[in-house]
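Colleague: Single-letter residue listing:
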Amino acid sequence: MIDQQIGALFVQIAYIGASAAFILGLRGLTKPDTARRGMQLAAFGMLLAIIGTLLNHEIVSYQFIIIGLVVGSAIGLPMGLLVPMTAMPQRIAVSHMFGALAVTLVGIAEFLHSREYAGGPGVIKMTAIGFETLFGALTITGSFMAFGKLQGFIPGQPITFRGQKLINAAVFFGAVGLYIALVITQSGGASGDSGLIMFAVMTVLALVIGVTLVLPIGGADMPVVVSLLNSYAGLAASATGFAIGNNILIVAGALDGASGFILSILMSKAMNRSFANVLFGAFGGEKAAVSAKSAEGLTTRSVTPEDAAMRIGYARNVIIVPGYGMAVAQAQHAVRELAELIEKRGGRVRFAIHPVAGRMPGHMNVLLAEANVPYDHLFDLDEINEEFHTCDVALVLGANDVTNPAAKSDPGSPIYGMPILNVQDAEQVIVVKRGMATGFAGIENELFYLDKTSMLFGDAKSVLSQVVTEVKGL
Amino acid sequence: MTALLTALGAATALIAMTSGGTPTAAASTTLIDAQIVEVYVFLLAAFTGFQIITKVPPLLHTPLMAATNAISAISLVASIVIAGAERPLFINIMGMVAVAAATINVVGGFVITDRMLKMFKKTEAPK
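Quick note, the sequences are listed as chains W and H, same order.
Residue numbering for the first sequence follows our numbering, beginning at 67 and increasing consecutively.
Residue numbering for the second sequence follows our numbering, beginning at 196 and increasing consecutively.
Certain hints may be false.
Below, a sample of chain W positions facing chain H; criterion: calculated Cβ distance under 8 Å [stated by the list, open to error]:
id, residue
1, 133
2, 141
3, 313
Bear in mind the hints are in silico, worked out from the structure with no lab data behind them.
Where is the CB? At the ideal position from N, CA and C, for every residue including glycine.
Here chain W stands alone, though its shape is the one from the complex:
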């Protein structure tokens, strides 16, 4: 008995240590030069928590634990070491799926276990178990759908059909209704199989919600979806903590939930959508059919890589605006080469990164860092937006809607009010683009028709390589 108490105390101490390590570790992430050490501390905290748990007196056999740990490491380690940086959005999406899977299985197991309690699980515990399973299950399929869209085996375009909203609403209210019914009927103890059936149906409906939530969302909205799923996965983990009375889960889940929540807010702000709109998953489907200014009668000026090289090569101050197009073309290494070349010739190069450029928060930063662009060259919207009017050349690489001046000047435009990069303030603008197709919002970009804008058509990687060669020859 004494031994058991000492054991329990040791477990709690390990958990407190782990909580502190997680919080201090995340604090390390507030600065790039302390980030790595911070995360090593967090990893140490995790190790501490795992060792502490293995001493839990409830554990009677270890074979399943060991098999799980070995299999998980055998899959996780190569995934961590080998996944290329370009596949990071998919990697993040699929990891939300694994996290949610673990949480959901725990929720189901706890529900079944709770039926053996004499007085039932109680209201708080039943609320937590239901929440955990509901959010866990919808995060599993939601993340899988996001993974599919990012990986490309599910079409990236929004998939819509008639009556979709009605079906979504029915499924959603069905699952929430069952959840409430479960809390009311099961908290005081199990009676017959009706609880089991309700729980099973709720779980299945939650899995369906995950699919219907992500189905109507297009590729460019993925940063919001990925952040939101991050938040859901965290909240589900926190609910697990309530369900089993474990504080480390509550703390870690709350941290994850807070991070996903903050990122979702930042992303939805950067897309000019209300947070409520995002929370209820109504985004992506509701593109108002506002007729933006048509491009008829307007002409663009197309230039060759040689012309572009002349302008870029002699520029003193260049701002590069990367977008998803750069990621698709994998042009980040060519960009870095060009940037180094300009600097060698005495020019200054900065990168302007819009919060929703790419497919997840911080996507462009990771790609450029991988290509060895120093992070002090990377600036976000607020830091650099006032600098565009001082720059000679703004080079837009596969970015579209985030540079559209209509967001500021045209109240009739669907993207009116969205924060944009003030590329139009630059003395000259060079836009690298594959063709004249519109961006995700489906509207014309006035920037392309300005007198100061030159269009450089082609695949970003090959076009930039040509520009690099030309600049070398200047």
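Assemble the complex: chain W is given as a structure, and chain H must be docked to it using the hints.
Modeller: Frame of chain W, contents of chain H only:
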């Protein structure tokens, strides 16, 4: 910030003392106390997380997501208990699958976060 940390630690220590590990349904008054403390823990952790994470620069938002994902794979500890406790075999097996899924995130998540953070470099000072 420091105050929050202290409060968090105190709350966690408090529940460790009052509940002595896992609360049982029999001790119903302690159970309610413990559950109220859990709410405190959640709120304080959420506030602390909020304070810290709003300070994370957009530069590091992808590593942040990878890191919080690895951290929330702490559900591994719950999975371990279910895989190893005295429960019906199929529940132990469910626990085993959960252990595997969470371990993928713990191991993969921390490794990939470190790989990413390793890439972020400052401009080298001219020699």
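Colleague: Would the hint on residue 313/W be counted as holding, given a Cβ-Cβ threshold of 8 Å to chain H?
Modeller: 5 Å, holds
Colleague: Given residue 141/W was flagged as interface, is its beta-carbon under 8 Å from a beta-carbon of chain H?
Modeller: At about 5 Å, which falls below the 8 Å cut-off, the nearest Cβ of chain H leaves the hint on residue 141/W intact, so it holds.
Colleague: With chain H as the partner, please determine if residue 133/W meets the hint condition of a C-beta pair closer than 8 Å.
Modeller: 6 Å, holds
Hint check: no violations occur; every hint is consistent with the structure.
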